[in-house]
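Undergrad: Use the sequences and the hints to build the structure in full.
2 protein chains.
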Amino acid sequence: MLDLAILGLLHESPMHGYELRKQLSTKLGAIRAAISYGSLYPTLRRLQTAGWITEAGETPAGDADVPPLTSRRGRVVYKITAEGKERFQDLLAQVGPEAYEDAAFGVHFAFFSRTDVDIRLRILEGRRRKVEERREGFREVLARAAERLDAYTLELQRHGLDAADREVRWLEELIANERSGRTPPPRGAEGELRPSPRTTDSARPLTARPGPDDSAE
Amino acid sequence: MLDLAILGLLHESPMHGYELRKQLSTKLGAIRAAISYGSLYPTLRRLQTAGWITEAGETPAGDADVPPLTSRRGRVVYKITAEGKERFQDLLAQVGPEAYEDAAFGVHFAFFSRTDVDIRLRILEGRRRKVEERREGFREVLARAAERLDAYTLELQRHGLDAADREVRWLEELIANERSGRTPPPRGAEGELRPSPRTTDSARPLTARPGPDDSAE
DNA sequence: TCGCGATGTATCGCGCCGATACATCGTTAC
DNA sequence: GTAACGATGTATCGGCGCGATACATCGCGA
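Protein chains in written order, with the UniProt record's numbering: chain A, 1 to 217; chain B, 1 to 217.
Don't read these hints as lab results, they were simulated from the structure. Built from N, CA and C at the ideal position, the CB exists for glycine as well. Among the clues, some could well be false.
Capping the alpha-carbon separation at 27 Å, the derived lysine-lysine pairs in DSSO-like fashion look like this [said to hold, decoys possible]:
1) A:22 x A:85
2) A:22 x B:130
3) A:79 x A:130
4) B:22 x A:130
5) B:22 x B:79
6) B:130 x B:79
Take a look, some chain B residues computed to stay more than 12 Å from chain A by CB distance [stated by the list, open to error]:
7) 17
8) 120
9) 180
10) 182
TA: Shown next as structure tokens:
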């Protein structure tokens with residue numbers, strides 16, 4: 001899962017570890033916390049031995065003025081290989097049930113620009129189904145076991161239900177959009193500091209179910 | 001983190017592994033996926049050697065009619081010990097920065113009924129601060145780097161921003177409520193299938209995304 | 001010039017997951 | 001009647017990824 005993310009970034013341009021981590025943090029910020037070095041470096045080594053990436057040494061242009069006092073440890077720049085690019089495409093197209101999981105879905109989504117439309121649709125729909133199931137789970141708990149749970153647990157369930165419901169609607173918009181032919185998600189110009197530029201314009205109409213909500217707003 | 005959850009459940013009543021897992025799934029369903037047995041059983045053993053829990057054997061009342069043909073492996077019922085209860089209280093009150101993380105926050109929240117008001121407030125406020133920072137991060141990316149990211153990455157950022165914003169509002173309501181003295185979260189009539197039954201006249205749906213995963217949340 | 005924060009590489013222990021194996025029980029299907 | 005199946009139940013194993021930690025360089029302001 002990190003493999004896909006790293007390969008994807010290196011596909012854009014060569015980079016060293018630190019930079020890789022920073023870019024991953026912003027690119028996947030909505031999905032997972034910053035990736036740990038304890039994961040990053042071992043993964044880089046694994047990718048390297050597998051032949052997907054190589055070191056593109058960085059002996060700087062500067063004269064050899066600093067003799068390796070303490071075995072000079074410079075930054076290591078990695079670049080993707082031809083096999084790595086193939087591997088990346090393979091991983092991108094590999095749409096198993098794991099690809100619908102929170103983290104994996106996010107990573108796949110982050111590289112949608114480089115993914116075929118049909119794959120994109122398959123992933124979005126799989127994810128939607130998964131979140132729908134989650135949502136039904138919450139509904140059942142709230143309907144059936146409400147009196148057996150304490151107030152805070154119930155609040156957590158409602159919170160989860162609402163979040164799941166919103167994600168389903170979000171996915172539905174994205175799916176409709178993909179089908180309509182326009183490739184990238186639409187959206188008004190940004191830069192707005194307003195908290196929720198969200199859903200406004202076309203949005204709404206797309207709820208599949210009788211729609212639990214919408215009593216609000 | 002599992003320690004707290006397991007201790008908390010066993011605090012309510014003795015239970016065997018399978019049941020423990022089921023209850024955890026519903027109680028923490030909004031926070032993290034179902035806990036794996038690969039985590040559960042080792043953790044149980046750890047808690048046992050630490051003395052927080054003990055086996056409350058389950059040799060059923062039935063006569064010894066089934067001689068251990070294949071070393072009869074019955075269900076193992078665990079119960080919390082006195083030390084375990086102390087430990088549970090300690091863990092509950094331990095409010096470090098880790099307690100504001102997605103998963104840990106959820107577990108703490110799930111046991112708020114057994115937590116002091118001031119601790120509850122401290123946790124809710126810490127969590128709010130954390131999510132606010134997250135939110136600011138998204139805003140900055142969207143404001144500063146919008147033109148350097150592809151459409152899908154941007155969409156992910158907006159989604160994240162919106163989710164964070166909603167969670168902050170949710171937390172704010174909970175905090176206000178705690179301060180107002182009413183201990184348990186308020187809420188319209190139960191049994192409702194409606195996802196977001198109103199709170200007050202302000203008529204705003206509470207919500208937020210748990211986040212990654214969490215793994216994921 | 002001294003410290004400090006950002007940049008940068010790397011390792012170690014361990015919590016937790018997903019897959020897998022194995023065993024029992026009740027219900028449904030033939 | 002019995003075979004199949006899904007739910008219940010305990011348990012292990014390989015491996016991914018995290019958090020803490022160590023170490024080193026560089027630029028900047030006090």
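Undergrad: Each of the hints needs a verdict: does it hold here or not?
TA: Results for each hint:
1. A:22 x A:85: Holds, at roughly 22 Å.
2. A:22 x B:130: 19 Å, holds
3. A:79 x A:130: Violated - the C-alpha atoms of residue 130 of chain A and residue 79 of chain A are around 35 Å apart, more than 27 Å.
4. B:22 x A:130: Holds. Residue 22 of chain B to residue 130 of chain A sits at ~19 Å (cutoff 27 Å).
5. B:22 x B:79: Holds: residue 22 of chain B and residue 79 of chain B sit about 17 Å apart, inside 27 Å.
6. B:130 x B:79: 35 Å, violated
7. 17: It holds; residue 17 of chain B is separated from chain A by about 21 Å at its closest Cβ, greater than 12 Å.
8. 120: 9 Å, violated
9. 180: Per Cβ check, residue 180 of chain B is outside 12 Å of chain A; nearest 14 Å; holds.
10. 182: 10 Å, violated
Hint compliance for this structure: hints 3, 6, 8, 10 are not met, and every other hint is.
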